[in-house]
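Chemist: Let the hints inform the model, and build the full structure from the sequences given.
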Amino acid sequence: MTMIEQRPTTVIGKALLRKEDPALLTGEAKYTNDLKIPGALHLAVLRSPHAHARIGRIDVAAASRLPGVVAVYTGADLQPLWAAPMPCAWPVTKDMKNPAHYPIAVGKVCYVGDGVAAVLATSDAAARDALDAIVVDYEPLRAVVDLEDALKDTTVIHDALGTNVSYTWPLVIEEQPGQVDEAMRTAKYVVKQRYVQQRLIPMAMEPRAVAAVPQPFGGDITLYSATQVPHILKVMTAITVGIPEHQVRVVAPAVGGGFGSKLNVYAEELLCTALARKHGCPVRWVEERTENAQATIHGRGQIQDVELAADERGKFVAMRVRLIGDMGAYLQLVTPGVPLLGAFLYAGVYDFPKAFDFSCTSVFTTMTPTDAYRGAGRPEATYAIERTVDVMAAKMGIDPAELRRRNYIRKEQFPYTAYTGLTYDSGDHEAAAAKALSLVDYDGVRARQKRQNVAGATKLLGVGMTSYFEMCGLAPSRVLASLNYGAGGWESATVRILPTNKVQVVTGTAPHGQGHETAWSQIAAEKLGVAVEDVDVLHSDTAIAPLGLDTYGSRSLPVGGVAIAGACDKVIDKARRIAAHQLECDAADLDFAGGTFSVKGSPDKQMPLAAIAFAAFTAHNLPDGLEPNLEAQYTYDPPNFSWPFGTHACVVEVDVETGKVDVLTYVAVDDCGVQINPLIVEGQVHGGVVQGLAQALYEEAVYDEDGNLRTSNLAEYLVPAACDVPPITTGHTVTPSPTNQLGVKGVGEAGTIGAAPTVINAIVDALSGYGIVDVPMPASPQTIWNAIRRAQGGAR
Amino acid sequence: MASTTVKVSITVNGATTSGEVEARTLLVHYIREHLGLTGTNVGCDTSSCGACTVHLDGEAVKSCTILAAQADGGSVTTIEGLAKGGEMHPMQKAFMENHGLQCGYCTPGMVMAAIGLLQENPRPTEEEVRVGLEGNLCRCTGYHNIVKSVLAAAGTK
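Protein chains in written order, with the working numbering: chain S, 1 to 796; chain W, 797 to 953.
You may find that some hints are simply not true.
[Said to hold, decoys possible] List of simulated lysine-lysine pairs, DSS-like, C-alpha gap at most 25 Å:
hint: 1; chain 1: W; residue 1: K880; chain 2: S; residue 2: K459
hint: 2; chain 1: S; residue 1: K19; chain 2: W; residue 2: K889
hint: 3; chain 1: W; residue 1: K803; chain 2: S; residue 2: K19
hint: 4; chain 1: W; residue 1: K889; chain 2: S; residue 2: K14
hint: 5; chain 1: W; residue 1: K803; chain 2: S; residue 2: K36
hint: 6; chain 1: S; residue 1: K30; chain 2: W; residue 2: K803
[Said to hold, decoys possible] Cβ-Cβ distance ranges computed for the label pairs, FRET-style:
hint: 7; chain 1: W; residue 1: T800; chain 2: S; residue 2: T500; range: 20 to 30 Å
hint: 8; chain 1: S; residue 1: G39; chain 2: W; residue 2: S843; range: 48 to 58 Å
hint: 9; chain 1: S; residue 1: P738; chain 2: W; residue 2: G854; range: 33 to 43 Å
hint: 10; chain 1: W; residue 1: N917; chain 2: S; residue 2: D59; range: 53 to 63 Å
hint: 11; chain 1: W; residue 1: G854; chain 2: S; residue 2: G771; range: 23 to 33 Å
hint: 12; chain 1: S; residue 1: G39; chain 2: W; residue 2: T861; range: 25 to 35 Å
hint: 13; chain 1: W; residue 1: E818; chain 2: S; residue 2: S482; range: 29 to 39 Å
hint: 14; chain 1: W; residue 1: E855; chain 2: S; residue 2: P80; range: 48 to 58 Å
hint: 15; chain 1: S; residue 1: T618; chain 2: W; residue 2: G854; range: 55 to 65 Å
hint: 16; chain 1: W; residue 1: T861; chain 2: S; residue 2: D443; range: 43 to 53 Å
hint: 17; chain 1: W; residue 1: E855; chain 2: S; residue 2: G486; range: 49 to 59 Å
hint: 18; chain 1: S; residue 1: L718; chain 2: W; residue 2: T861; range: 18 to 28 Å
Because the hints were derived from the structure by calculation, they are not lab data. Everything numeric in this text was worked out from a predicted model, so none of it was measured. Virtual Cβ for every residue (Gly too), placed ideally from N, Cα, C.
Modeler: Shown next, in the form of C-alpha cells:
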C-alpha cells in the first residue's frame, strides 16, 4: 500500500469551475448527431411490435421502391456481415446459457423493440417512412414478463437452450456447514422480506446516435458513437464485424449522459459499421426516445428474498439471499454480471460473521435486455440490507439508527477483511451517520413525530436513513479474473509536456458529464506544478487515446485519475534526470515543488519544468542514453476496489388521504476520500440522489402481460422534474483511501446507492403506526394509499 | 409518399434565413438541419423534455411542437444567439458558476427556459423556479444546482 502524500495541496480540493462548460453552454459542443457528415445514408430499424413471435415472411418490396430508399435488409440478408454474434463479456459461470443474437433478429423476436429489418435511405425521414411499408408476418408466441413464470419454463424463449435459466451463481460462506440454516432456526430475531427491484429505464437525455465513416479504398473506418465505452466498443466492433482492430477508430464526441446505458455494444453501432463498409459511404443513425425506451438497456429487475438473523442485542449473525435476476431477452455486454456486483455488498457496512448464503438465478424474459444502470447491483444489495435493518429494528422495537450503531464496522477495524474475503480500505461509518443525523435533526424529527403522528392525523411524519458502502474503482484485474470477467480493470494515462511547457493529459476514461477535463487537469497541475489552464485533457478517441477501459462503475477517478498521477510521477522522474544533468548534481539531491527542481541545501540552484521541457525537446544536452521529449505512459491496475461510504437521511410527510409523499428534507453525507473538485463531487451526489429517489417514488418500466412496454416515452415514464424533487443538503467526511497515492475513492454512483432505501425507510417509518413494515417501489400515491387501505382492512 | 414543400422565412439570432422545407418540418429540424445550428437538442418525441426550447418572438417555446411553417415571419433566438461580443449571457454564466450542468444535453433548452421564466417572473422564489422549469428534464444534476443557477441569475440568491 502506498501512503498518501501529506503535503498541502494547492489545486486538488479546489471547487474550480468546469473547463467543459463554455462549449456546452453556448451550443458549441458537438454531440454525435450534431456532426456534419456529407453523403451519409440514414439507417432506420424496424422494431418488433410483439414481445415474442416467430418471424414469417418479410415483404420489403414496397418499402424498397419508396423515394430516397437505398436498401432494405432483413436479419437473414445481414447474416453474412457478422463475424460473431452480439458480444457478452461476462460469462459468469462455465455453464451460463447465452443465446446467440444478432443486430437484426433472425427467425424470432424476443422483445418489443427487437430489430426486424434495417432501411438505408438518403434522409432520416425517408428511412423512417419506409419502415411503415415493410410487411412482416409474425406468429405471436406467449410473452414471459414475470420472473417466477420464467423460472417455470412454461414458455421457453430460446428454444435451443431448453430453459429460461441463464445461470445460477451461489456464494456460500460459512465457518461451519449449515451455519446459516442453524441461525435462521435458532437466532433470537429473524426477519424475512421480499423486495422487488423494478425495472428502470436509464433515460440519458441524449438518445443514442451513431455515425460510421468508412474509407472504402484504405479500409479504415471511423465509428462515432454516443458511448461511454469507446475502447471496449472498438474491440467488440472489430470482433463482431470482422475488421482488423487496427483499422477501427472509435470516437465518442460530446456524450449527453449515460448512467450505464451507453456502457454497451449496440446493434445500431454494428449495423452502421457493417453497412458503411458494404455501401462504401457513411451511414448514420439517431435514436428516437421511444426506441431508447425499448431498445437501449434497462436497469435493475430483480426479486430479492432476504433473511436476516440477529442475536438478543441485535448483532447480525447470519444472512440468506435468494435472488432472481431479469436478464431480459438476451445477454448484452455485462448483463449477467450485474447481480454479482451486488453479491458482495449484502452485509452492507456491518461487522458480519462468515454466515452468508447467497444465490442468484438469472432468467430470460421477453423484455428489453437489462444491463448496468447507475450502481449496477450495488443499489439493489444496499436496498436489501438497509430495508431489512429497518424491518429488524421494528421487530426488536428499537430505533433503526441504534441498531445500525450496534453493527457498524468500527473505525479502528479498518482495513477490514470482510466475510467475503474483500478488504474494505478505510471508513468511519459512525462519524458519517452522526453527521447525517445531525444535519437532518434526527432527534428533533423524532420529537415532532410524537406530536404529529397521533390518532386521526392525516399527514404522517417519517424519518429514514441508509448507511452504505459503494464498492467501486472497478476493478483489480485479478478479482475480475476470479469472476470470469472478460477483461482487466486497469486504466491508462499518458502525460506529455510540450516544448512550451503546456501539458497534454491523455486518458482512457470516457467522460459524459462527469467533468474529467477539469478534474484531471487539477491532478496534473497539482503534480507538475503547472497552471490548470495549461493542461489539456484528451480523451474518447481511440486514435488519440488508444489505451483505455472507459468510464463506468465509479472507476474514472480511483483508477484513471490515479493513472494520471502515476504518469506524472514518471514524467517528473525523467525531468529530474535532465535537471540533475544540467545542474550537475545527483538526481537524489533535487527537490521538486511548485514546478521547479532545486538542489537540496542550495535553493538558488534550480531549474523550472519549463526549461526542462524545452531542453527535452531540443535534446541538445541530455544525459547519455536518455530519450528526448518529456512524455510518459502509465497503466494503473488497482490493488483493491475503493470503498466510498456514507449515510443518507431524509424526512418525509405522507398524506394518508391521498397517499402522496412529500420529501421535506434530504441529507447526503458522502465520504469519497480525498475530493479533487468538491463542486463536481457535490453535483454527482445531487444527481445520484435524485435518480435513487426517482426509483423510490416515480420510475418503473411497466409491461403488460403481452409484453408491451407501457412506459415507452417521457410522457409515460416518470423522470422527475425540478418540482418533483427536494433540495439536497450535502455533507462530507473525508477518509482517504490508503490504496492509492491520491487517497481518492470515486463518487459517481454513491447518491443512487443511498437514496432509494433512505426514502422508503422514511415512508415505512411514517406508516409504522398502521403496522406496515414495507412498501413496494415506486411508492406512488396509489401504492401508498392501497397499502394503508390493506393495513386498515387487516386491522378491522 | 408525396410531400408538400413550403417556403419559410424566419429571423434566427438576428439574421434573416429562408428555405423551402417539407411542410412537416418541425422548427427544431429547420434550426438544426437547414441552418446547421446544432446547439438546440432533441431529447424526446412527446414534447416532454424541453431540450429543444428556443425563444420565438421573445417567448420560450419547445421547437419540436411547432412547424417551421408556423414560425414563418417570426424571430427565433437559439442558444447560439445568446452570447454577445464574446460574453456569455448572464444566465449562461450563472449556470457555469453554480455547476448547473453536467453532460450539457438539456442545458441549452434549460437556459432558454430559465431566461423565459425570469422574463415572466424576474424575482422568483425557489418553489417558483422549480415549478417554472417543470417542462424541462435533466437527468444529471438532480436540479439542485439548476435552481441555484436561476436564482443567482435573478439576483434572488
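Chemist: If a hint holds in the structure, say so; if it does not, say that too.
Modeler: Hint check:
1. Proximity of K880 (chain W) to K459 (chain S) is assessed by CA-CA distance (about 51 Å); at most 25 Å being required, the pair is judged violated.
2. Of the pairs offered as hints, the one joining K19 (chain S) and K889 (chain W) holds, with about 13 Å between alpha carbons and a cut-off of 25 Å not exceeded.
3. Between K803 (chain W) and K19 (chain S), the direct Cα distance comes to roughly 41 Å. Violation of the 25 Å bound is thereby established for this hinted pair.
4. A C-alpha spacing of about 19 Å is found between K889 (chain W) and K14 (chain S), which places the hinted pair at or below 25 Å, so the restraint holds.
5. A C-alpha spacing of about 24 Å is found between K803 (chain W) and K36 (chain S), which places the hinted pair at or below 25 Å, so the restraint holds.
6. Straight-line distance between C-alpha atoms of K30 (chain S) and K803 (chain W) comes to about 29 Å, which puts the hinted pair past the 25 Å bound.
7. Against the hinted window of 20 to 30 Å, the Cβ-Cβ separation of T800 (chain W) and T500 (chain S) comes to about 58 Å, which falls outside the hint.
8. Roughly 32 Å separates the CB atoms of G39 (chain S) and S843 (chain W), a value that falls outside the hinted 48 to 58 Å.
9. Separated by about 58 Å at the C-beta atoms, P738 (chain S) and G854 (chain W) break the suggested range of 33 to 43 Å.
10. Checked against the given bound of 53 to 63 Å, the beta carbons of N917 (chain W) and D59 (chain S), roughly 56 Å apart, stay inside it.
11. Range check, G854 (chain W) to G771 (chain S): Cβ separation about 57 Å, and the 23 to 33 Å hint is violated.
12. The supplied range of 25 to 35 Å is met by G39 (chain S) and T861 (chain W), whose beta-carbon atoms lie about 32 Å from each other.
13. A hinted range of 29 to 39 Å is violated for the C-beta pair E818 (chain W) and S482 (chain S), which are about 57 Å apart.
14. Judged by the Cβ atoms, the range 48 to 58 Å given for E855 (chain W) and P80 (chain S) holds: they are separated by roughly 54 Å.
15. Evaluation of the 55 to 65 Å hint for T618 (chain S) and G854 (chain W) yields a pass: the beta carbon distance comes to about 59 Å.
16. The given range of 43 to 53 Å is respected by T861 (chain W) and D443 (chain S), whose C-beta atoms sit roughly 50 Å from each other.
17. The beta-carbon spacing between E855 (chain W) and G486 (chain S), approximately 53 Å, falls within the hinted interval of 49 to 59 Å.
18. Remark: the range hint 18 to 28 Å for L718 (chain S) to T861 (chain W) is upheld by a beta-carbon distance near 20 Å.
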